[in-house]
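All chains, full assembly: derive it from the sequences and hints.
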Amino acid sequence: LKTKILIVDDSSVSRMMIRGRITGLQPDWEVFEAANGDQAVAMVSTEHPDYITMDVNMPGMSGFEAVEKIREIDQKAKIVILTANIQVSSRERAQQLSVHFVQKPATLAAVQLAIDYFFSAA
Amino acid sequence: MKLSTLGLDTLAEIFNHGVGQAGLALSELAGQEVQLSVPKIEELSKRAITDQMDARGANRICAVHQGFSGVINTDALLMLPVDQSLQLVQRMVGDEFPLEQLSEMEQESLAEVDSPSTLVSRADHALYAAKSAGRDRVFCFDSARQIAVLV
Numbered sequence: 001l002k003t004k005i006l007i008v009d010d011s012s013v014s015r016m017m018i019r020g021r022i023t024g025l026q027p028d029w030e031v032f033e034a035a036n037g038d039q040a041v042a043m044v045s046t047e048h049p050d051y052i053t054m055d056v057n058m059p060g061m062s063g064f065e066a067v068e069k070i071r072e073i074d075q076k077a078k079i080v081i082l083t084a085n086i087q088v089s090s091r092e093r094a095q096q097l098s099v100h101f102v103q104k105p106a107t108l109a110a111v112q113l114a115i116d117y118f119f120s121a122a
Numbered sequence: 001m002k003l004s005t006l007g008l009d010t011l012a013e014i015f016n017h018g019v020g021q022a023g024l025a026l027s028e029l030a031g032q033e034v035q036l037s038v039p040k041i042e043e044l045s046k047r048a049i050t051d052q053m054d055a056r057g058a059n060r061i062c063a064v065h066q067g068f069s070g071v072i073n074t075d076a077l078l079m080l081p082v083d084q085s086l087q088l089v090q091r092m093v094g095d096e097f098p099l100e101q102l103s104e105m106e107q108e109s110l111a112e113v114d115s116p117s118t119l120v121s122r123a124d125h126a127l128y129a130a131k132s133a134g135r136d137r138v139f140c141f142d143s144a145r146q147i148a149v150l151v
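First to last, the protein sequences are chains A and B.
According to my numbering, the first sequence is numbered sequentially starting from 1.
According to my numbering, the second sequence is numbered sequentially starting from 1.
In case anyone wonders, no lab produced these hints; they're calculated from the structure.
Here the structure is a predicted model, which means the values were calculated and not measured.
The beta-carbon is built from N, C-alpha and C at its ideal position, and this holds for glycine as well.
Check each hint, because a few of them may be wrong.
[Said to hold, decoys possible] Chain A is faced by these chain B residues, among others (derived, beta-carbon under 10 angstroms): (1) Gly-7; (2) Asp-9; (3) Val-82.
And the structure:
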């Protein structure tokens, strides 16, 4: 059974960068993409990803709100907040939701940090 | 040359990272969270920019101009309506300085700025003076003499 990861980001270039780096580091993973919180919640219901990278500032539902909704339907998926909003309040919100926090830009090192967390939390 | 959708999206994301850093600095200075909206990017003429600012009632604006050089050689201009810029200054300096005093300082520094279109015109003048002078030059528009001067 393939490991599934869902990339949630309204920026197509960010999704492209994250996908490229994940594919390079974990070529066997199946990668899904969502451009907003609503799409992300719907994909969690249908695809049941093992791991999720979640942007915060997105049109409509924020990444944090999306995490709350995802937790109502899936408590197992490991989630990393991957955002440029690096204020203390943002980090604290991630902590409250028991999800990991990684700072953008989505460099190879940042994506590696997210993957390290996925494995450590597995 | 027009930027592609992906090109515009890339610029928006780069700007988003910059604003994220600025948001962190500002939240630490102000001691409270700064709400960041979703970045929106548009390719506009100078006229359209001034029209938009006029439509928002920003008759007087405060602008910070900063150049980038190295990997990329370009300029960035951050513009804030004067009212908001004063609030920002108040947040940063705290309550030790009364708003009236800040307002006077603001008046001094912004006395030469009449309107967004005037400001853009002056920035444009200084920018072309800098470009004509070669790399790594910073020019400022001297409104008293009505010329761009090397800083």
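Against the structure, the hints:
no.: 1; hint: Gly-7; in the structure: 9 angstroms, holds
no.: 2; hint: Asp-9; in the structure: 5 angstroms, holds
no.: 3; hint: Val-82; in the structure: 26 angstroms, violated
The structure does not agree with numbered hint 3 stated previously, though it agrees with all others.
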